[in-house]
Amino acid sequence: MAKWMSVAQVKEKIEENSAEEVTARYLEVIEKSKINGYVTVSEKSLEQARKIDVEGHEGSLAGVPIAIKDNISVIGLPTSCGSKILEGYVPPFNAHVIEKLLAAGAVILGKTNMDEFAMGSSTETSYFGPTANPWDLERVPGGSSGGSAAVVAAGEAPFALGSDTGGSVRCPAAFCGVVGLKPTYGAVSRYGVIAYANSLEQVGPLANNVADIAVLMDVIAGYDRKDSTSIDSKTEYQKALVDDVKNLKIGIPKEFFGEGIHPDVEKAIWNAIHKYENLGATWEEVSMPNIKYALASYYIIAMSEASSNLARFDGTRYGFRENGENWHSMVSKTRAEGFGTEVKRRILLGTYALSAGYHDKYYLKALKVRTLVKQDFDNALLKVDLLMAPTMPNPAFKIGEKIEDPLTLYLSDVNTCPINLAGVPSISMPCGFTDGLPIGLQIMGKPFDEPTVLRAAYTFEQNTDYHTKRPPEVA
Amino acid sequence: MITKEDVEHIGWLARIDISEQETVEYMEKLNSVLGYFGQLDELPTGDIAPTYHVAEIYNVFREDVVEECLPQETVLANTEHKQDGTFRVPKIG
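Line order of the protein sequences matches chains A and B.
Under the numbering used here, think of the first position of the first sequence as 7, with each following residue one higher.
Under the numbering used here, think of the first position of the second sequence as 377, with each following residue one higher.
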C-alpha cells in the first residue's frame with residue numbers, strides 16, 4: 007500500500023483488501039512517527055474498521071480513516087485541546103461533524119496535536135510538546151491545527167479535520183504543503199467543538215489534494231439546529247471540481263504583500279497568478295485599505311471571546327483540579343496551574359479589553375474595525391470573483407524561534423486572520439517551495455461561494471505538480 | 377499602559393493566581409501587545425456600527441419541547457469530586 011493515498015485510492019484498497027487492513031497500515035505508519043502529530047491514537051479504530059468489513063456500510067467514507075483535531079469532541083476519546091486543564095476529560099457526546107463522519111462510515115484514527123486551546127500559529131504551546139514539520143523536523147508545522155496538517159503531510163492519515171479561528175487550518179496547510187479550507191462562517195456546525203472565539207471559528211478539512219477537501223465538505227457541511235449560527239447553503243462541493251478558470255476574475259489585494267514577505271513566497275504567488283492567466287483567467291490589483299488594522303482587531307475580539315469561553319474551565323466538572331481552601335482559591339489555583347502561559351496571557355488581555363473603562367477603547371473599537379474590514383472584502387468581491395494572496399508571508403520557522411515574543415508570533419497571522427473577521431471562505435494550497443519548505447497560495451471567495459474557490463484550486467492542481475511532492479524526511 | 381496593580385486586578389477577575397514574579401513578566405508582555413493594539417486609535421470609527429458576527433441570522437427559535445438528555449451518571453463521570461449526584465466543590469467564602 008502506498009504511504010500517501012487519496013480518498014479514492016483508499017477506497018480502492020478497501021475494496022481490494024479490507025477496511026481493517028487499510029486502518030492497520032495507517033496505524034503502522036503512526037507507530038513509526040517522527041513528528042508527534044497525534045496526542046491520542048484510538049484503540050477502537052481497528053474494531054471500527056472490522057465492523058465495517060463485517061457488516062458492510064453504504065456511506066461515502068465507508069472504512070476510510072481520518073484524523074481529528076483534539077478540540078473536536080469524540081465519545082470515548084480523550085479530548086484535551088492540548089491543555090493540562092482538560093487532563094483525562096473524555097467527552098460524553100460527539101461533535102456534530104463527528105456524527106456526520108461516523109454516519110458516512112469514517113474510521114477515527116485518533117486526535118491530533120494543537121496549540122493549547124487553538125491559540126497559536128506553531129503547535130508549540132501544546133501541553134503534549136511541539137509537533138515537528140515533516141519537511142524539516144526542526145521546524146514548526148504551523149498552527150494551531152499543526153498536528154492535523156503534519157499527519158496528512160507525513161502520510162499518517164489520508165485527511166483530517168482542523169479548526170480555523172484566525173488561520174489555524176490554512177497556516178499549517180501552507181507550512182506542511184497540504185490543502186486546507188476555512189469554510190464560510192456558518193457552513194459547518196461548531197456543536198461539540200471546544201470554543202476559543204465563537205464568532206470567528208469554523209471546522210475545516212485538511213488533505214493532500216483539493217478533491218478530498220470537497221469529499222469531506224460534502225460530509226461535514228450543512229445545517230445543524232444545535233448550532234444557532236449554522237446555515238444551510240445546500241452546496242454540493244464535489245460538483246465544483248471542474249478544470250476550468252476561463253473568464254474568472256481574480257483580485258490581487260496589494261495589502262497582503264506587505265513588508266517582511268519572503269521574496270520566494272512573493273515570486274511563487276505571482277507565478278501562480280500568471281498560471282491562472284495562462285489558463286484563461288484575468289487578474290487586477292484591488293485595494294483593501296483597512297486590512298492593516300485587521301490583525302489588532304482580530305486579536306482583541308478573539309481574546310475577549312476567549313476570556314469568556316474559557317471561564318468554564320474551573321476544575322469543577324472535569325479535567326485537572328488543584329486544591330484550595332475555598333472555591334475562589336481552588337478555581338484560581340486550578341487555572342494558574344492548568345493553563346499554559348499563552349492561554350493565560352490571552353485570557354488576561356481579553357478580560358482587560360472587556361473590563362470597565364476599557365470596553366469601548368478596545369472591544370467596541372475592534373468590532374467597528376471589523377465592520378470596515380468586512381466592507382473591504384464586500385467591495386473587493388463585487389469587482390472580482392476571487393482574491394489571491396500568500397497564506398503565510400514566510401515559510402515555516404524553527405521550533406523555539408518565535409515562542410518567547412507573543413507579538414512576533416501574532417504578526418505571522420497577518421494574512422489569515424482578516425478572512426475570519428469577514429467570515430468568507432478561504433483555501434490554502436501548495437504553490438511552490440523555498441529551500442525545501444512549502445509555500446501556500448491563499449484563495450478567498452464570496453460568502454458561501456466555496457464552489458468557485460474549489461474550482462480555482464482544483465484547476466491549479468490539475469495543471470501543476472506541487473501537490474504531488476512529499477517530504478523526504480518522513481518518506 | 378497597565379500597571380502591576382492592573383495585572384493583579386485582571387488576574388482576580390479572570391480567577392488566575394499570579395505570583396509576584398509573574399506579575400512583572402505579564403505586565404511587560406501585555407503592554408507590548410496593548411501598544412500594538414493602540415494603532416486602532418488612528419482609524420476614525422465614530423458612526424460605524426460594530427460587527428459582533430457576520431452570519432445574517434438574528435433570532436433563532438425552536439419549539440419548547442423536552443428531549444432526551446445525558447444521564448446524570450454520564451455527566452458526573454469526568455470528576456472524582458462528586459456527592460449525592462452533584463459536583464462537590466470547596467465552600468464559596
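In short, the hints are calculated from the structure, not lab data.
Errors might be hidden in some of the hints.
To be verified - Not everything, but these chain A residues come out facing chain B in the computed CB check (under 10 Å): (1) Ser-303; (2) Ser-361; (3) Leu-413.
Even glycine gets a Cβ: it sits at the ideal position worked out from N, Cα and C.
Status of each hint after checking the structure:
1. For Ser-303 of chain A, the suggested interface contact is upheld, since its CB lies about 7 Å from the closest CB of chain B, less than 10 Å.
2. Checking Ser-361 of chain A against chain B by beta carbon gives a least distance of about 6 Å; that is within 10 Å, so the hint holds.
3. The criterion of a C-beta within 10 Å of any C-beta in chain B is met by Leu-413 of chain A, whose closest approach is roughly 5 Å, and the hint holds.
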